[in-house]
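Protein chains: 2
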Amino acid sequence: MGITIAIDCMGGDHGPNVTVPAALDFLSRNADARVILVGLEEKLRAILPAPVPERVAIRHASEVVAMDEPPALALRNKKDSSMRVAINLVKEGEADACISAGNTGALMAISRFVLKMLPGIDRPAICAVLPTVKGHVHVLDMGANVDCSPEHLLQFGIMGAMLVAAVDHREQPTVGILNIGEEDIKGNEVVKQAAELLRNSGLNFIGNVEGDGVYKGEAEVVVCDGFVGNVALKTSEGLAQMLSTFLRQEFGRNLFTKLVALLALPVLKGFKRRVDHRRYNGASLLGLKGIVVKSHGSADAYGFRHAIERAAEEARGQVLSRIADQVARHVSSSSQAAAVAAQESA
Amino acid sequence: MGITIAIDCMGGDHGPNVTVPAALDFLSRNADARVILVGLEEKLRAILPAPVPERVAIRHASEVVAMDEPPALALRNKKDSSMRVAINLVKEGEADACISAGNTGALMAISRFVLKMLPGIDRPAICAVLPTVKGHVHVLDMGANVDCSPEHLLQFGIMGAMLVAAVDHREQPTVGILNIGEEDIKGNEVVKQAAELLRNSGLNFIGNVEGDGVYKGEAEVVVCDGFVGNVALKTSEGLAQMLSTFLRQEFGRNLFTKLVALLALPVLKGFKRRVDHRRYNGASLLGLKGIVVKSHGSADAYGFRHAIERAAEEARGQVLSRIADQVARHVSSSSQAAAVAAQESA
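From first to last, the protein sequence lines are chains A and B. Every letter in the first sequence is one number past the one before it in full-length UniProt numbering, and letter 194, counting from 1, is 194. Every letter in the second sequence is one number past the one before it in full-length UniProt numbering, and letter 272, counting from 1, is 272.
Only chain A is shown next, with the shape it has when bound in the complex:
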């Protein structure tokens, strides 16, 4: 039994020129997979080979959500956008997952409206993958929620752990909470309370992870609120860009350094491959009754294909039932504990 991925082909900075070739590349590497390409049929056919390849279906959608469109307007007015139609396909069971490189806010709003939340989860979270010295780390939330309660952070921990179980086949991944280590004041109240909840959650919780611990690979899942997560992610992007600029400038300084750069090319390529953000493209919108993956808007076909792979892995690993089961287990053990406490105090 194969899997089917619905692809919003119109989203992102490059639209079908990137999404369609990425989809075909994905199919050539995944014999069990089918794709439904969603968008302006004419544009899609112009890029697709004729006849349309096997395992490819086209679903026409007459509208496109603009990258800068206010999410509330996209939700209200664009009922036939490629983004919404792709999400509908997941809702109706025609696709196992959907993916878009479009407007993040709109994707979040429409997904939440169409798919609804899983029972026991209050808010969706954006989970990204980052490289570490040891491999990679899943970090959430990356910007969906600016103010989080301890309970929200606990739910993020459960969702992140189940995502890692689904895609990395690690049944008890380590979970840490992002915190600061200043001697005087170890974190704010919300983080302290969330750590307490995580410690009693049955997850493999390892405690606080400081900023530098994220890239040291101290935990497989790192939980934080969306404000902090987004700042950490964007700061990292900015630093990496700056370092790459400086390195290029130093290698471009004169004829000798340019020659050295030529010799160093295989080394620099090897280095670049290890931190290539395109290989980590694809953030998961977790907590919904359906698998939704967000690609970076500027992704090329290589990066977008990686994001499709991610959606496929989540479907194969049954991330949704894993999250639902774990939340149910957690809720029942909490209410048992509450019942015991009530009995003892009676």
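No lab work stands behind these hints, which were simulated from the structure alone. Treat the hints loosely; a few may be bogus.
Treat identical chains as interchangeable: a pair holds within one or across any two.
[What the hints assert, rightly or not] Derived DSSO-like pairs: lysine-lysine, alpha-carbon spacing no greater than 30 Å straight-line:
#1 K216 to K258
#2 K134 to K269
#3 K258 to K272
#4 K43 to K258
#5 K79 to K272
#6 K258 to K134
#7 K258 to K192
#8 K258 to K269
#9 K258 to K79
#10 K216 to K269
#11 K192 to K134
#12 K216 to K272
#13 K79 to K134
#14 K289 to K91
#15 K192 to K91
#16 K134 to K216
#17 K91 to K116
#18 K134 to K272
#19 K43 to K91
#20 K116 to K79
Based on these hints, arrange chain B on the given structure of chain A.
Showing chain B alone in chain A's frame:
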């Protein structure tokens, strides 16, 4: 008229072995400066040349604050610690500034207790300097305050701008507030309100700066709460370390790559110099009635010397009176505005 810097020689991972040579190097480059070396006299004399060089005074202090000592205990029990004695020298006007590589929490607690806050400033903030594509940026707070009100963030903006005026001789530096740019939700309530206050503050406020904008040099001063600032700083440290590890590994892969590394050495050195964190060593504790600079605990003599230079620049640039004046101006214009508003509504 020269300046005098009090140096806690016992703090940090390496103590006098780093702090004393750094102080002597600093003196050789700053003919107008004197230093007071504070610590266990015997240990200091063992490292100093005999006779003690000109412009060097020794002040014995019998105790040392341990790096992992709870700040409250250090404050209560170690009245004769090198850290406290150095701060006392500032309080008593014998030194224009003091510097320590010791326990951050203790330095903060003792500075606040001994020196007190400047009028109109509620809390001290830690301000660090980071390299950018365009030069450098001052970011505060880096971890002194985990929960900040909009008014605190406004005060950070004033202090940061005055610090840049003092040390970089830029009278109207640009000030931004660290925020996230997710389409749906632009920042939390505190940040929105703080932005409003900064917009009306008379500072050269340029609005939101996202994480990547910090290293792009979008503003000369970036304001954030201590939790976010600390995470951003530590995350950057972790990423830089990881990239450096990967680069070393790739250059160490085989005989050819090692040979290339040898050729590339001048390039890599030039690169390293541009992002050498030792050149940015020295975070300012702002808001106190005295200049206090915190060096990284693991700094070597080169790094510690840079932190002493920083303390000296702050003293020469009269950062304290600049902050005090600006706060006074701000308070008077706010109360004028309030008076006008009251009159209008009457």
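Each hint tested on the structure:
Within a single copy, K216 and K258 get their C-alpha atoms only as close as 33 Å, which misses the 30 Å cut-off; across copies the closest is 25 Å, which meets it. When the C-alpha separation of K134 and K269 is checked against a cutoff of 30 Å, the pair qualifies both within a copy, at 20 Å, and between copies, at 26 Å. Within a single copy, K258 and K272 get their C-alpha atoms as close as 18 Å, and across copies as close as 17 Å, so both meet the 30 Å cut-off. Taking identical chains as interchangeable, the C-alpha atoms of K43 and K258 are never at most 30 Å apart, the minima being 43 Å within one chain and 50 Å between chains.
Taking identical chains as interchangeable, the C-alpha atoms of K79 and K272 are never at most 30 Å apart, the minima being 41 Å within one chain and 53 Å between chains. Taking the shortest alpha-carbon separations for K258 and K134, only the inter-copy value of 23 Å comes in at or below 30 Å, while the best intra-copy value is 32 Å. For a Cα distance limit of 30 Å, the shortest separation of K258 from K192 qualifies neither inside one copy, at 52 Å, nor across copies, at 47 Å. For the identical chains of this complex, K258 and K269 are neighbours both inside a copy (15 Å) and across copies (15 Å), given an alpha-carbon limit of 30 Å.
Taking the shortest Cα distances, K258 and K79 never come within 30 Å of each other, neither inside one copy (54 Å) nor across copies (59 Å). In this assembly of identical chains, the alpha carbons of K216 and K269 lie at most 30 Å apart whether taken from the same copy (22 Å) or from different copies (24 Å). In this assembly of identical chains, the alpha carbons of K192 and K134 lie at most 30 Å apart only when taken from the same copy (27 Å versus 38 Å across copies). In the homo-oligomer, the alpha carbons of K216 and K272 lie at most 30 Å apart both inside one protomer (18 Å) and across protomers (21 Å), since each shortest distance falls under that limit.
Taking the shortest alpha-carbon separations for K79 and K134, neither the intra-copy value of 44 Å nor the inter-copy value of 45 Å comes in at or below 30 Å. In this assembly of identical chains, the alpha carbons of K289 and K91 lie at most 30 Å apart only when taken from the same copy (8 Å versus 62 Å across copies). Taking the shortest alpha-carbon separations for K192 and K91, neither the intra-copy value of 37 Å nor the inter-copy value of 36 Å comes in at or below 30 Å. Proximity of K134 to K216 under the C-alpha cut-off of 30 Å is found in both arrangements, the shortest distances being 7 Å within a copy and 28 Å between copies.
For a Cα distance limit of 30 Å, the shortest separation of K91 from K116 inside one copy, 9 Å, qualifies, whereas the shortest one across copies, 61 Å, does not. For the identical chains of this complex, K134 and K272 are neighbours both inside a copy (16 Å) and across copies (24 Å), given an alpha-carbon limit of 30 Å. In this homomeric assembly, K43 and K91 come within 30 Å of each other (Cα to Cα) only inside a single copy, at 25 Å, whereas the closest approach across copies is 73 Å. Taking CA atoms no more than 30 Å apart as the test, K116 paired with K79 passes inside one copy only; the shortest distance there is 17 Å, against 60 Å between copies.
The structure shown violates the earlier hints numbered 4, 5, 7, 9, 13 and 15.
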